[in-house]
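Using the sequences plus the hints, can you model the full thing?
Keeping their order, the protein sequence lines are chains R and H.
FYI, the numbering used here numbers position 112 of the first sequence as 113, with every residue one higher than the one before it.
FYI, the numbering used here numbers position 547 of the second sequence as 583, with every residue one higher than the one before it.
Careful, some of the hints might be misleading.
These stretches of chain R come out as covered by chain H in the derived footprint (C-beta under 8 Å, 3 or more residues) [unchecked claim]:
1) 24–35
2) 51–61
3) 68–74
4) 78–91
5) 96–104
Bear in mind the hints are in silico, worked out from the structure with no lab data behind them.
Just so we're clear, the structure is a prediction, and the values are computed from it rather than from any experiment.
Note that CB positions come from ideal geometry on N, CA and C, so glycine has one too.
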Amino acid sequence: MNQERKIKVIMAKPGLDGHDRGAKLLARVLAEAGMEVVYTGLRQTPEMIVETALQEDADVVGLSSLSGVHNYFFPRVVELLREKGLDDVLVIGGGIIPPDDIPFLKQSGVAEIFGPGTPTYEIVEYIKTHCRKR
Amino acid sequence: MISKEKLESIANSKKQWEEKVLNPTLAKAPERKKAFTTISGTTVEKLYTPLDIANLDYDRDLGYPGSYPFTRGVQPTMYRGRLWTMRQYAGFGSAVETNKRFKYLLEQGQTGLSVAFDLPTQSGYDSDHPLAVGEVGKVGVAIDSIEDMKVLFDGIPLDKVTTSMTINAPATVLLAMYLAIAEEQGVTFDKVGGTVQNDILKEYTVRGQYIFPPGPSMRLTVDLIEYCFKHVPKWNSISISGYHIREAGSTAVQEVAFTLADGIAYVQACLDRGLAVDKFAPRLSFFFNAFTNVFEEVAKFRAARRCWAKIMKERFGAKDPRSMMLRYHVQTGGVTLTAQQPLNNIVRVALQAFAAGAGGCQSLHTNSYDEALCLPTEQAVTVALRTQQIIAEESGAADTIDPFAGSYYIEALTNKIEEEVEKYLKKIDEMGGTLAAIEQGFIQKEIQESAYRFQKEIESGERVYVGVNKYVMDEPPPTNLLKVDMEVGRREAEKVKALRASRDQKKWKDALEKLREVSLSSENVMPAVIEAVKAKATVGEICDVWREVFGEYRPEAFI
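In structure tokens:
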């Protein structure tokens with residue numbers, strides 16, 4: 002029988018933002034949905050996040066930010082991932098993100114933004130549908 | 037207490053009511069839900085009667101406002117004398133921009149200031165530090181040196197306005213700057229009033245703005261408390277904060293329990309320093325959240341006051357009634373606000389603010405309706421301030437003291453919350469105290485579990501969240517959101533570089549050297565910090581001295 006590899010997700014908090022209720026909650030939900038989840042903890046630089054993604058052979062990087070710094074950090078993480086040749090890692094984001102910023106973030110390579118009030122099962126479904134298959 | 041006979045008679049009449057009136061109705065029309073619970077998950081009974089507060093003893097459990105156990109409030113006249121302080125939390129961009137917002141808010145009738153610092157400042161980094169890139173001025177004002185602080189309070193008389201500063205790990209540094217500029221304004225330390233948060237323990241559990249390990253952090257916290265009671269008598273030297281505990285997902289009970297547990301740890305640390313309890317305890321203050329279930333919040337505030345009074349009297353042997361008073365600031369629940377149909381948040385905030393007022397807070401911040409989307413715009417913050425003013429001046433909440441007292445429901449819920457809080461405190465004691473409970477991840481895990489349960493209730497539709505899981509509608513994207521100019525980071529970085537080049541280098545170097553010496557000793561650091569900020573040492577430089585002397589905290593993530 003083919004043992005299917007679990008989807009591997011890095012949940013990351015870029016920058017100095019300490020609000021990680023959402024990141025921790027989602028980490029648990031994704032694990033319960035059968036994914037393997039690594040939470041980076043707080044105060045991660047884009048370099049640290051990408052290093053973790055590389056070491057862990059991640060399929061998905063989930064970025065959480067409530068401090069208004071998403072326009073800087075999220076594209077930077079995508080850029081570094083691509084530099085390392087991790088072209089097929091799915092990058093998603095969440096937090097307090099003004100709707101106006103979403104087109105820019107998507108253009109920068111963030112696949113989807115999940116704002117406050119998003120049911121967690123929608124995120125699970127999204128990852129299952131969009132993450133690379135192997 | 038109600039007589040035994042009367043209680044028996046009520047028990048009988050209640051039984052009859054159930055059989056003859058209630059049950060036939062239930063047989064025809066069942067209730068809307070199988071179980072009714074508060075936001076925190078506490079069961080709410082169909083009906084509360086004297087039976088639910090059979091053991092309540094008025095004199096023992098409630099007493100009078102301004103008297104032990106302070107269940108009914110900490111001041112004898114409460115808001116009939118003076119309304120609570122209206123203190124909107126504000127800060128963004130540079131000191132110049134925030135100074136403008138402060139003046140605007142004061143013109144609108146705000147009665148105290150409350151400073152939000154940006155994350156680099158809160159984490160002890162200057163605006164030109166690599167980790168500050170993108171963060172400068174974003175969620176608060178960027179303050180690198182005493183020069184910024186001067187601009188922040190330019191034209192604001194520090195003997196007339198009290199200021200609350202949300203600053204924790206580097207609290208000593210920002211307070212030192214504030215005191216130094218007050219002195220420049222000609223305001224002596226004994227005339228300066230306000231609050232610094234200075235609550236490091238909750239940074240390790242829920243807020244994340246720590247710098248140093250717990251041991252040295254507690255030392256800085258106690259240094260500040262000690263310095264204030266000796267030299268800045270009107271200053272609240274700590275604001276022990278449950279707000280962030282609730283934001284991170286705790287229940288109301290956990291909010292009170294973990295906050296009071298932190299309070300116990302601080303009092304113990306001060307006693308271990310050799311300070312007399314009645315010297316420092318009167319200047320301890322607290323900070324709580326208010327969610328939308330008015331009754332649970334009112335009961336929570338009453339229970340918290342009673343618990344703290346008992347802890348101070350019975351556990352710590354305080355004699356001065358002021359040591360037993362739980363005085364607190366409230367902020368309405370940021371996490372309760374929705375990005376969906378944001379105007380609904382005005383109603384949520386109004387209910388929460390009403391609960392804060394009816395619950396007996398000393399000061400209040402009402403959140404702005406757009407905060408699930410961005411930092412508050414001027415329009416949104418004005419509505420938020422007006423909400424408090426309407427509640428204070430029109431609703432009647434401020435006209436009599438502790439208006440919900442005697443409600444069977446409120447009294448029963450107050451008792452229940454107190455009981456549950458006491459269970460948690462006992463458990464934390466058994467674990468070896470608050471620090472041990474934090475190190476073992478106990479507090480973190482309890483909060484995360486509650487956050488998870490709450491999320492599941494929303495997603496299953498078991499708990500209604502208007503606009504999110506019920507009464508949902510398609511809506512156009514919101515407009516007119518506040519944007520912080522990305523340029524502010526570059527400007528602030530240049531400014532701090534210029535400051536470093538222009539200051540008196542010898543004076544600066546000597547001051548930092550002195551600070552290092554004092555930090556290595558067991559002397560109080562505050563005088564040396566004040567000298568350092570006067571010599572234009574920056575927040576980052578002072579914290580760097582401590583990073584070398586104390587080390588940095590590297591947390592374990594508990595999931």
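- [ ] Starting from the hint list further up, note which numbers the structure goes against and sort them upward.
- [x] Hints 2, 4 not satisfied by this model.
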